[in-house]
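Participant: Based on these hints, arrange chain A on the given structure of chain Y.
Protein chains in written order, with our numbering: chain Y, 1020 to 1482; chain A, 1020 to 1482.
No wet-lab data here; the hints were simulated from the structure. Some hints here could point you the wrong way.
[Stated by the list, open to error] Quick partial rundown of chain A residues pointing at chain Y, CB under 7 angstroms, derived from the structure: (1) HIS1085; (2) HIS1087; (3) LEU1199; (4) GLN1200; (5) ARG1204; (6) ALA1210; (7) ASN1400; (8) ALA1429; (9) THR1433; (10) THR1435.
[Claimed, not checked] Heads up, simulated DSS-like pairs for lysine-lysine below, C-alpha to C-alpha not over 27 angstroms straight-line: (11) Y:LYS1178 to Y:LYS1140; (12) Y:LYS1140 to A:LYS1464; (13) A:LYS1464 to Y:LYS1464.
[Unchecked claim] Which chain Y residues stay away from chain A? Per the calculated CB distances, all over 10 angstroms, these: (14) PRO1062; (15) GLU1286; (16) PRO1406; (17) THR1435.
By construction, the Cβ of each residue, glycine as well, lies at the ideal position given by its N, Cα and C atoms.
Number of protein chains: 2
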Amino acid sequence: MPHFNPVSNEVLAQLTAVLTPDQISTTEADRQQHAQDMSQHAPRLSEVVVWPTNSQQVADVLQIAHRHRIPVTPWGAGSSLEGNPIPLFGGITLSLARMNQIVALHADDFQVTVQPGLGYKDLNQQLGPHGLFFAPDPGANASIGGMLANNAAGSRTVKYGATKDNVLAMEVVLADGRILQTGSRSVKQSAGYDMLHLFVGSEGTLGVITQATLRLAPVSAIMSSAVATFADVETAVAAVVELRASGLDIAALEFIDAATSGLLSREEDVDWGENPTLLMEIHAAHAETAELDLALIQETCRAHGAGRFVATTDAAERQKMWQTRHHMFETLRRVFVGHRWQLADVAVPISQFPALVKFARQTLQERNLPELMVGHAGDGNLHIAIPYADEATRQGANLANEEVVLQAIALGGTATGEHGVGIGKAKFMVREHGETAVEIMRHLKQTLDPHDILNPGKIIPQP
Amino acid sequence: MPHFNPVSNEVLAQLTAVLTPDQISTTEADRQQHAQDMSQHAPRLSEVVVWPTNSQQVADVLQIAHRHRIPVTPWGAGSSLEGNPIPLFGGITLSLARMNQIVALHADDFQVTVQPGLGYKDLNQQLGPHGLFFAPDPGANASIGGMLANNAAGSRTVKYGATKDNVLAMEVVLADGRILQTGSRSVKQSAGYDMLHLFVGSEGTLGVITQATLRLAPVSAIMSSAVATFADVETAVAAVVELRASGLDIAALEFIDAATSGLLSREEDVDWGENPTLLMEIHAAHAETAELDLALIQETCRAHGAGRFVATTDAAERQKMWQTRHHMFETLRRVFVGHRWQLADVAVPISQFPALVKFARQTLQERNLPELMVGHAGDGNLHIAIPYADEATRQGANLANEEVVLQAIALGGTATGEHGVGIGKAKFMVREHGETAVEIMRHLKQTLDPHDILNPGKIIPQP
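Extracted from the complex, chain Y is given alone in its bound form (with noise of 0.2 angstroms):
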């Protein structure tokens, strides 16, 4: 366990000095603000909040922590789902809230370079006149320093890759205090070590994300969308590598479980049925392709068996199929009032997405836990949402998710796919990786980090 040193009052006075009396709070109720993420992990308060406006005052901040050994936990919306930025340790919360700007748009490049505390939703709202779109798209309003941090990606990350797929360059502040410029606008880069991917997905352990250019693709002509309903997950999976097979390139491919879409059914205004769900989305440049491709799609499902098959190019049904899918997790709170909640997040192969449905599946009902799955079927991704109101019920939850991380990275895949490692996964990283790999990033933490004062207690195992 590291040795910290309490944030004291020379050390105030020293963050003080090269920040303004509004940049910086001790008071409760701000670090209760920066507790807690959206995850079940328990909340933990630093010593003091600040707020830097420019990346030579967060340098400033991480030479004086550096020197006084305090932890520093980076801060980006508080969206993520693993624990990613609870202060552990206490120390300084680092939020990059203020630095929120577009700093330039790139048009002709597809690209733009952002501050990290611009939330998603908002850069997306600032392109949308431009005809542009940064296409990881992790459902929350995440800042964009938090899905780099912890390389979010989401429903359309089949087609346009997570976020380490869509950056270019990063400005990044080291633990002690120097100023890195990573990566460059070239999309192409084979200039020496690719430290970009380094700090992408490091969750503000190895660095602290200041700057980004990110790729952007083009809001598409015609967005079209299709259902399909399936007798079981095995059938619904051979449809998904057909149709990947067919080179359609399909925008989104969203699995719902059987239990899920027939809740949702119930729920809210659509009629899938208590059966496996497959949601598509086709991003096509003419409107006659678009009608090809949903041809194409409906063949293939019913190939396979599919019972229902609705395609659309409405906008209205194309959002309210997509806001059912969305919103879902709102419905399950309103169905599971007053519960908590875990939520899983394993990626396996493709090919191995019924077996992990199926151990998925015998892993809650062995527990007498509902069965919430939705995945995102084209990448192999698979998420559970499971409530619990008790104190036994929270510790079965917290079991069948330790129970479905082993059987992913059993089946070839990982413990995290989007959600990072957080608090929640440090305890799988060497049955994933190897007693090796886990050394490694360990050495690579100490040689960039060596007080351990970025983000403490995250990602790697204590030894």
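Facilitator: Below, chain A alone, put in the same frame as chain Y:
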């Protein structure tokens, strides 16, 4: 400069103990065969060549080298273009040529696990019957290990990404002989530090890749091509930007400058004239979509003043057009008999491509060098082939290359889009990345290879 030991009789005896007699050679002929890649860099002889056939043998060789402070330079196919596998300090050449098998094909997952010595073209030949291919196309029959080590790319990168975008997991032997597993078969991964991409593009200086799981793409049902000639580079690039904004997701978007188009029109069976030319390829799921796409491409090119425009779905015509492009270098060799070649490889944001081409033309004209430029326009990647037959021209070619590199960096780009740093580009690393980034690269190298035995003298400039 690191202090290395020679390959002594004791070291040879130790190597002989872990290898079979046919796996080790100190003959002049074998060492000469591994002294030089396809670049203009001077050959250097290693002291011994070894051909391990499995990961444990690679680990054994590295343990011996680590203990005795002997340089080890990995060797794939020798097709690199920046001196990347030239053994600058002698020592051991570690050829992966005999580790050239497909380990496992996961067709439903669109993945294949291979050994590093397998040739790119050989892999795709074996994948063909399964309707799959490995998309990054470096032109030559490079080894997969070499492509990973250099983060190779090519004409289809605009749609399918570079090598770094198409690898999911690797086995890497570290400098001290430890065997590391990194990544997983899950296409989504947010589970700790991305060490996979730290080793990709590290040119064998951080570890030796002994196995890799690659992402594959389905072979497209319909492939079609188009050629368009333009009045100038500016309008050609304006068409490129508009085509990318259309959402067509063009599979190849190649640029050939006026002089090279003229030369090819004289020498080969094409009629592009002395005009900046775009070559395009479309991969579609339906014939009707291909027609629609080609119509939109034609409309866009015409709107930007395209002169000749030819589109075709005929396989023979397509092949002729692409062979002219792919065999361009052979054509150049025929025209410039007895010349050697300096090959430039830089990349910039696409908006800066016209400025880069303009600068390159001026530089070449000022030095009385021929203008022979081609590029992956969709990625802003430019290549210049400069022939020389005497020392004065060689020096001029070298200086022209340096000026173009510095200009590419000044335009927000990179010293190398796809050939890697090797010997020739190390001196530009500080200019491109800054002092801090190069310090960190050096620090990472020390962490992973404390005795600097792995491919020494590459990537990182001497302090």
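Participant: Against which earlier hints does the structure fall short, listed by number upward?
Facilitator: The structure breaks hints 1, 2, 8, 12 and 17; every other hint is satisfied.
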